[in-house]
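Asks: Sequence:
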Amino acid sequence: MKEPVDSEIFIAEQKRRLKDNPECATSYYNLGVALMNQGKLDEAMEAFRDAIENGSRMFEAYVNLGYIYYKKGDLEGVAEANKRAVEIEPRYARGYSNLGFAYLQMQKTDDAIEALNKAIELNPDIVQAWNNLINAYLQKGDMEKAVEVGKRLIEKAPNFGLGYNNLAVAYYYAGQYENALIHIKRAIENGFSPHPDFIREVEEHIRNGS
Numbered sequence: 009m010k011e012p013v014d015s016e017i018f019i020a021e022q023k024r025r026l027k028d029n030p031e032c033a034t035s036y037y038n039l040g041v042a043l044m045n046q047g048k049l050d051e052a053m054e055a056f057r058d059a060i061e062n063g064s065r066m067f068e069a070y071v072n073l074g075y076i077y078y079k080k081g082d083l084e085g086v087a088e089a090n091k092r093a094v095e096i097e098p099r100y101a102r103g104y105s106n107l108g109f110a111y112l113q114m115q116k117t118d119d120a121i122e123a124l125n126k127a128i129e130l131n132p133d134i135v136q137a138w139n140n141l142i143n144a145y146l147q148k149g150d151m152e153k154a155v156e157v158g159k160r161l162i163e164k165a166p167n168f169g170l171g172y173n174n175l176a177v178a179y180y181y182a183g184q185y186e187n188a189l190i191h192i193k194r195a196i197e198n199g200f201s202p203h204p205d206f207i208r209e210v211e212e213h214i215r216n217g218s
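Basically my numbering = 1-based index in the sequence shown + 8.
For the record, the hints were derived by calculation from the structure and aren't laboratory data. Glycine is no exception: its CB is placed at the ideal position from the N, C-alpha and C atoms. Warning: the hint list may mix true and false statements.
[Unchecked claim] Computed Cβ-Cβ distance ranges for the label pairs, DEER-style:
| hint | residue 1 | residue 2 | range |
| --- | --- | --- | --- |
| 1 | Phe206 | Asp28 | 52 to 62 Å |
| 2 | Ile190 | Asp133 | 22 to 32 Å |
| 3 | Lys80 | Arg25 | 44 to 54 Å |
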């Protein structure tokens, strides 16, 4: 029970500070984070917008706005918020990763690939950017690149079950069914459950020698 009480105290403190200094971008940002963590997304959105209005480099406020837009199902909002974030801080890898994810969901495949590659260039350890890049190349129909990226992902994250699954999907569409089955098994070993229909299709191709 302690955490909610502490959270309410923190929110009250930020509001008190804003009463004394209504142009404090940091207090608006802190308030937004606390409200977002409580699931009060509309109030958090207002606080982040106030932070942006009163601060010159509130790129993390834009990223958090993007998260709220995602929770509301507004992919255009996600993309726009993260575009603004990387305009303010061009070396912010997370912003590019989020932007790439949004473009991927919007079927803007080439834009997704560009943003995700930029995220990886800035921070090669963002596992989700690699994973989304596999999906972007699958969406584009470039199975060779999807396999290449998938191999690099599991080198970087050898315990990431979803990565093995997505590499298996890339191998499947590349017609490499034995490799697909190997990576399905590795996905399972690392805690991910591939779709049963996918497993059956791969096994059927192997049985038929296709």
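Asks: Could you run down the list of hints and mark each one as holding or not?
Replies: Now for the hints, and whether the structure bears them out:
Take Phe206 and Asp28: their Cβ atoms lie about 58 Å apart, and the range 52 to 62 Å holds. Distance hint check for Ile190 and Asp133: the Cβ-Cβ separation is about 25 Å, which falls inside the suggested range of 22 to 32 Å. Look at Lys80 against Arg25: about 28 Å separates their beta carbons, and that is not inside 44 to 54 Å.
Consistency with the previously given hints fails for number 3 only.
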